[in-house]
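These protein sequence lines map, in sequence, to chains Z and V. The opening residue of the first sequence carries number 1 in the working numbering; numbering runs sequentially from there. The opening residue of the second sequence carries number 255 in the working numbering; numbering runs sequentially from there.
Quick caveat, the hints were computed from the structure, so don't treat them as lab data. Predicted model only: the values in this text are computed from it and were never measured. Hints are all accurate, no fakes.
What the simulated footprint calls covered on chain Z by chain V, stretch by stretch (three residues with Cβ under 8 Å from a Cβ of chain V suffice, anywhere in the stretch; the number is not a length):
hint, region
1, 58-64
2, 113-121
3, 212-220
4, 234-243
Where is the CB? At the ideal position from N, CA and C, for every residue including glycine.
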Amino acid sequence: MILLKKLIAAAVLLPGLALASEATFPLDQAPDYTKDMAALQNGARLFVNYCLSCHSASSMRYNRLKDIGLSEEQIKNNLLFTSDKVGDMMTVAMSGKDAKAWFGAEPPDLSVIARAKASEAGSGPDWLYTYLRTFYKDDTRPTGWNNLVFPNVGMPHVLWELQGVRTAKFEEVKNPHEEGKTEHKFVGFQQVTPGTLTPVQYDKAVADLVSYMTWMAEPAQTTRKRIGVWVLLFLGVCIVLTWRLNASYWKDVR
Amino acid sequence: MSFQEKQLPADASFGDKALNWIDARFPLSSTWKAHLSEYYAPKNFNFLYVFGSLALLVLVIQIVTGIFLVMHYKPDANLAFASVEYIMRDVPWGWLVRYMHSTGASAFFIVVYIHMLRGLLYGSYRKPRELVWLFGVGIFLCLMAEAFFGYLLPWGQMSYWGAQVIVNLFGAIPFIGPDLSLWIRGDYVVSDATLNRFFAFHVIAIPLVLIGLVVAHIVALHEVGSSNPDGVEIKNTLDERGVPLDGIPFHPYYSVHDIFIVTIFLLIFTAVVFFAPEMGGYFLEYNNFVPANPLKTPPHIAPVWYFTPFYSILRATTSDFVYWLQAGVAAYVALIILRSRLAKTCKIAAAVIGLLVIVGMFIFDAKFWGVVLMGVSVMIMFALPWLDTSPVKSIRYRPDWHKYIYIVFGIAFIVLGYLGVQPPTAVGTAIAQVCTFLYFGFFLLMPWWSAMGTFKQVPDRVVYHPH
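Using the sequences and the hints, build the whole thing.
Pasting the structure below:
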C-alpha cells in the first residue's frame, strides 16, 4: 500500500514535471476563419503572392481552390503564377539547391505545415499565426531578419511591406533558476517604419493567410465535419433500434 | 462410403433444396450451428465480453480500408509521403478511408487491451483455455508487428525515426546485433529498401498470420466453450438434451447483443474519425506531417501510445538500474529455490540461468538488457496460464487484497505508458523503474501470491440477474 501511495503521489507530481521543460516563446491563439470564404480567398491571394515564390505546396492543386468559392477563371487570371494549368500542383520554380545556398535551408513544403507545427505549446495555426507576427529587424542575421518563435530562422520577413519594419527590445534579467546568470528576455517591439497595413489590419491579414493554410492542410475538413454530424445522428438512431432489438430478445432469458 | 444426399420432398422450397445441395458437399449448416446458433455461451457475460467481437470488427475495418489504401499508396521513399496526401485530397473518400485506417489502428489496441484485461480479471486463460490465451498473445504480437511495420508507410519524420530507433535496438544484441539490424533494414539506414519490405510485411505476411491465429483463437475457444465472470464451467450442469443450463445460443442472443454494442462502438469510432482524427497528436502524431528526413533527427522521438508501456521499460533500463535488476534476479532465484515445489533439476536450471543473467549484466551493455526486458515484458504473457495458481478463476471469488494487486499492476502499466510518451527526465526514469519492478513482480510472483489468502466459495451455477 505504501508503494501505491508513492505511485499516486508520483502521478500527481507528473504534470508539473512535464511543464518544467524548456520555455519557448508563448503562442498567440490564431483566429479561425476556415469557414469564412472571403477570408480564405484573401488568404489564398496572400499565399500565392508571398509564400509560393520560395515554398511549394506540392500536394495542393490550384483548382481545389474552387472549394473556397473561386471559379476556374478567377484562379487562372489571379492566382496562377507558377504554372499554366489549373489542374497543376502548387510547385515552386526555385530549386532546393539554390534555396539552400541562399537561405541556408531548403524552404519546407507548405501543404500540411499547419498540421505539422502543432505541439504541446499550441496548435499548428497558433504557431504560424505567432511566427508570422514576430519577425524583427536584426542586422546580425544574413537576411537582416530574425524571429521570436523560430530564432535565427533562415526565412526573411516576406510580409515586411505590410507590417513595416520593427525591431525587438530585449532586457537582461536574472535567471530565476540559476544564480548569477542572466536571461535574454523579450520586452516589446519598436516600429521603425510603418507598413501599408495598420497593426490590426496586419493581424487580420495573417489570420486569413493562416486560415487558408489550415484549410489547405486538409481541404476535406469542412466536408468531414459536415458529414460527421449526419453519421453520428444516423448511428444514434441505430443505437435506439439495436438497443430495443437486444432487449426484446433478452427479455426471454431468465 | 458412397456419396449420400438427403432426399427432400418434391415440393421443398428452392432455398431448402439449395441448402441441402450445399450441406451434402460443405459443412455449412453444421458450421453455422457449431459456432453460432448452437454454440452455447454463458448467459452472465458482462459488457467486457463484447471486446472480442469488437476486435474482429476492427480487424475487418482494417483489412477493407487497407485494401483501398493499397490501391493508391506508393511504397517508394520518394513518393510515399505525397501518395498519402494524394489519398487525402484527390482520391474520392480517400480521407475517410485513411482516417478509418489510422483511427482503426489505435482502436484495435484499445479494444484488444480491454479484451486482455477481461481475460486477466476473470481468469479466462486458466485450464482448459490455455491455448485460447496462447493464440491470443500470438495475435497481440502480430498486432504489434503490424502496427510497427504499418507506421513506417506514411514516411513522415516519426515513421522514419521510430523505425530507425526500433531497428537499431536489434543492434544491441551481442555479436550478431549490427549485422542483424542491417539485415532487417536492408540498408545502412532506414531507406527505400526498408520501406518496401515493411510494406510487404504489413500488407501480406503479418495479415496472413494474423487471420490464421484469429481463426485458431476462435476454434480453440469454441472447442472448450467460453468462460464467464464467475469462472463457473457451464458445461458441468447440462439439461436432458446435453445443453448447458446456463448457456444460451450465441445467435441470436449474443449476436443482437453485440450488434447493439457495435453501434455504440461505431458512434465513438466515427466521432473520432470525423471530428478528431489526430486525437490530439496521439492517433496521428504531428511530427509525422513532416516528410521523412534522414539528415534531421527530431528532438523527441516517441512511439505511438500503444507501444509506450513497453518502450518505457526499455528506457528505464539504465546502467544504474542493472544493479537493481541483478539484485532482483538473485532474489527471485533464491525464492524459487527456497519457496517453490519445483523439481530439483528445475531449481538447478533456474540457478544456472539466474547466474548467467547476473554475470551477463556485468558483461553486456544496459541497452541490451533493456531490449531483453522489453521483449520479456510482452513474452511473459505467454506464461500466464502456468503462473496463476489460485484455486478460483474469477477475481470475484478471490481475496479482496488480490484486487489491489491488479489495481497496482494496472496503474503501473498506465504510468509506464504515460512516461513513454514524455521526454525522459530523471524523476520519470526513477518512476518507470519502480513501475518496471511492479510490472514484472505481478507476473513473476504470481505463483505465490495468487494462491495466498482466503478465497470465497464459487457457486455451482452462474450468477445472473435478468435485465
